[in-house]
Amino acid sequence: MWTWNNLWHWAGHPLSWPGFVGMLVGAVVILLLALLVVMYSIYWQRKFIGWMQWRIGPNRVGPWGLFQTVADVLKLLVKEDVIPANVDRTLFLLAPIFAFVPAFLVLSIIPFSAHHVFTANIGIGALFYVAISAITIHGVMLGGWSSNNKWALIGGMRSAAQMLSYEVPLGMSIVGVVLMAGTLNLNGIIAAQMHTVWYVIPQILGFIVFVIAGTAEMNRTPFDLPDAESELVGGYHVEYSGFRFAFFMLTEYVYLLAMGGLMATLFFGGWAGPFLPGWLWFAIKIFIFFTFQFWLQATLPRIRQDQMMSFSWKLLLPLALANLVITAVVKVLV
Amino acid sequence: MALTDETDLVRTEEMLLNVGPQHPSTHGVFRMVVKISGETIIEAEPVIGYLHRGTEKLAENLQYSQCIPYTDRLDYVSAMLNNYSLVHAVEEAMGLEIPDRAEYIRVITMEMNRLASHLIFFGTYLLDLGAMTPFLYAFEEREKIIDMFNELCGARITYNYMRVGGVKFDTTPGWLEQVDAFVKRMKGEMVKYRQLVTGNEIFLARVHGVGAYTTEQALGHGMSGINLRCTGYNWDLRKKKPYSIYDRFDWDVPLGSAGDCWDRYILHMEEMEQSLRIVEQALQQIQPGPVMAKVPKLIRVPAGEYYSGIEGTRGELGFYIVSDGKDKPYRLKIRRPSFENLQILPIILKGVPVADMVAILGSIDPVMGEVDA
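Chains as they are written, first to last, in the numbering used here: chain A, 48 to 381; chain B, -17 to 355.
Read the hints as simulated data drawn from the structure, not as lab findings.
Virtual Cβ for every residue (Gly too), placed ideally from N, Cα, C.
Among the hints, erroneous ones may be present.
Claimed, not checked - Simulated pairs of lysine-lysine, DSS-like, Cα-Cα distance not exceeding 25 Å:
| no. | chain 1 | residue 1 | chain 2 | residue 2 |
| --- | --- | --- | --- | --- |
| 1 | A | 197 | B | 315 |
| 2 | B | 221 | B | 39 |
| 3 | B | 315 | B | 221 |
| 4 | B | 166 | B | 126 |
| 5 | B | 17 | B | 332 |
| 6 | B | 17 | A | 197 |
What the hints assert, rightly or not - Ranges of calculated distance between the beta carbons of each label pair, as one might list FRET restraints:
| no. | chain 1 | residue 1 | chain 2 | residue 2 | range |
| --- | --- | --- | --- | --- | --- |
| 7 | A | 288 | B | 17 | 44 to 54 Å |
| 8 | B | 140 | A | 131 | 49 to 59 Å |
| 9 | A | 380 | B | 240 | 33 to 43 Å |
| 10 | A | 135 | B | 25 | 40 to 50 Å |
| 11 | A | 107 | B | 0 | 30 to 40 Å |
| 12 | B | 0 | A | 113 | 54 to 64 Å |
| 13 | A | 113 | B | 235 | 52 to 62 Å |
| 14 | B | 204 | A | 137 | 17 to 27 Å |
| 15 | A | 124 | B | 140 | 58 to 68 Å |
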C-alpha cells in the first residue's frame, strides 16, 4: 500500500522531522548560494567583457560597482508585473516556472565539495542532470508560444530545435566519461579521476563536444539564437518583464553554474586538488569556465539557425559517437 | 493517407512579420513587412518614409549657403561628403576657382569622414551578426575622428563646414599633426580588426554567398558605390570622373567579384585602407594658403540645370540644381545612394532565412536619413 512515507523511503531517507527540516534548510541554502553566484557571475561578466572592450564596466553602485547586480535584481523584483492582454494566461504564468525549477533541481546533484553538505549523492547523477535539464526547454518554448508574439514564437521554436539537437551530442559526450569511470554517480566519477588523470586528457574529443554542446544548450554565444538581440529583439522572453523576466535570466545563469559544475566534475576532477579545500578548487574550476564563456561572448558572432543544426547533427554527433566507440574499444583492450 | 504527405497531417501557414520601424537591426526607422514560412522569407516589402523631412522642398526657400546645414542631416554619418556634394555642384555651376589648401582640407575631412562611416558599418554590421566587441572597438576610433572634426569646426556630427568657395575655418594649429598620428595608429587598428573578425569561421559562414546579385541586377537598380563594386564592376567617381584633387593621389579602387555580403564587407575594410592612403598623401602635399575663394556676397547660380555627383560613402551622391538665376534653387533634387541601393532588397531577400535578412540589410548599409531625405 502506498503512503506518503513510501516516498521518503524510496528516496533512501526514512521520513523524520529533523531530517525533513535539514533537507529544507539545505535547499534554501543552495537557493541562496545560487542566487549569490548568479549575481556575481553577472557582475563578473560585465566587468570582464568591459575590460575586453576598453571599458570600465559597472563601477557606480557600491565599491567597484559590487552592488550593481544586487540593485538590478531588486529593480526587477519591485517592477510592475505586466501580463499583456492577449497572452495565453495560464501558460504565460507557468513558463518561467517550468524553465526555472529544473535549473535549481540539477544543482542538487552537483558535488560542490568532498563532504557533500547539502547535495544529493544519487547513483544516477549524470543521467539525472541530462534528464532534468531537458525539462527547461518546455518553459522556454511555452514562454515563446504563449506570449502571442511572433518574435517570441520564432525564438521559442528556435530554442526547441536547438536544445533538441544539442541534447544528443551532450549526452553522448557524457557517456564516454561514464564508460571510463564505470559509474553514473558523480562522486564516483571524481573518485575514478583521483586514481588516474583528469578525464579531459583521455576524453579530449568528448570534452570538445561537451563544451560546444553545453554552450549551445545554455543558449550562449555563438549559439544565442533563441534570444538573438539583433534579429529577434530578445526572442522568447520579449513579452516578459519584471520578476518573470528575472526568472528566465536566473535560469540562464544557474545553468551556467550547473554546467560549469558538471564540466569540472566530469573532466577536471571535481573538487579534488592539492593543498586547497575541495569547495575552493571547485569554485576555481567553475570560475575559469565562467570566464571562458564570457570570453566567447565578447569575441564571437552568432551562428545561423540552419548552420547550427547541421553542425550538431553532421559534425558533433558523429564526433561524440566516434569518441564513444574509441573509448569502448580502448576500455576492452586495456 | 500517405504518411509522407505532410500537407495532410500538419496544417502550415505563412506568417506575416513586421520588422521595424523600431527594430535594433534596421539601422534607423526602416520597416520591412516580410512573409515567412518557418524561418524562410517568401516575400519582403520595404516600407520607407518614417524619417522624411522634405529636404528638397525646404531647399527651394533657402539660399544656397543656407541649404548646407540641411545636407548634414541626409547621410548623418558622413556629413562632410554631403556638404561637399552640394557646394561642389554650386561651384561647378558658377565656375569658381577653389584655393588649393581648401581642396586639400576638403579631401582630408571627406576621407576621414568616409573612414568614420565605414567604421560604423564595421561595428554595426558585426553587431547585427551578434558580435558586440567590434562595435566598441570601431567606435573608439570613430570617436577620435569625431573629436578632431569637433576641434576643426565645432560640431561632432553635423559639421556645416564646407562653404561655396572653400571651407569655413582653416585648420587649428597642430590639427594636421593629429590627423597624421591618427592615420599611423589606425593602420595598426586595421590589423587588429582583421585578426578579430575577418578570419573568423562563424563570420565567414554567415557572409559567404549570402545576398548575392549580379552586375546587371545592380546596374538595373541604379546601385552605386560599394554595392556596385562588390559585383566586380569598376565604378568609382573619384577615378572615373575626377573631381576636386583626387587625381593627385596614388590609390586603388578595391573590387569584389561575387557580389555577396562578404565582398561588401571586405570592400568596406579595403576602402578604409585606401582612405588612409589618400589622407597620408594629402598630409604630405598640403601647403599653407587661403581656404576661401573670392565669392560674391550673394551666391547666384546662373539660370540653367546642373548636375554634379561625387563618390559618397554609400555610392553616387548627386545634387541636381535647377536655377532660374536667383539666389535660391528653383528645384533641388538629391540623388541619394542609399535610396537606390535599397531597391534591390525585395529581390535578394526572397528565399533567405530570417537571420540572413539582418546580414543582407546590414551589408547594403543604408542610412535612413538619406533614404527618406
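Hint check:
1. Using a Cα cut-off of 25 Å, the hinted pair residue 197/A and residue 315/B is violated, with the two alpha carbons roughly 40 Å apart.
2. For a cut-off of 25 Å, the pair hint linking residue 221/B to residue 39/B is broken: about 32 Å separates their Cα positions.
3. Under the criterion of a C-alpha separation no larger than 25 Å, the hint pairing residue 315/B with residue 221/B is consistent with the structure, at around 24 Å.
4. For the suggested pair residue 166/B and residue 126/B, the alpha carbons sit about 13 Å apart, so the restraint of at most 25 Å is met.
5. The suggested pairing of residue 17/B with residue 332/B holds, with an alpha-carbon distance near 10 Å, which does not exceed 25 Å.
6. Restraint check: the Cα-Cα separation between residue 17/B and residue 197/A comes to about 12 Å, which is no more than 25 Å; the hinted pair holds.
7. Checked against the hint of 44 to 54 Å, the C-beta distance between residue 288/A and residue 17/B comes to roughly 29 Å, which is inconsistent with it.
8. Range check, residue 140/B to residue 131/A: Cβ separation about 39 Å, and the 49 to 59 Å hint is violated.
9. Between residue 380/A and residue 240/B the Cβ separation comes to about 50 Å, which falls outside the hinted range of 33 to 43 Å.
10. In this structure the hint that residue 135/A and residue 25/B lie 40 to 50 Å apart at CB is violated, the actual value being about 29 Å.
11. Taking 30 to 40 Å as the suggested C-beta distance range, the pair residue 107/A and residue 0/B conforms, at roughly 37 Å.
12. Evaluation of the 54 to 64 Å hint for residue 0/B and residue 113/A yields a failure: the beta carbon distance comes to about 42 Å.
13. The supplied range of 52 to 62 Å is met by residue 113/A and residue 235/B, whose beta-carbon atoms lie about 53 Å from each other.
14. For the hinted restraint 17 to 27 Å between residue 204/B and residue 137/A, the CB-CB distance of approximately 54 Å leaves it violated.
15. Checking the proposed 58 to 68 Å range against residue 124/A and residue 140/B shows it is violated: the Cβ atoms sit about 43 Å from each other.
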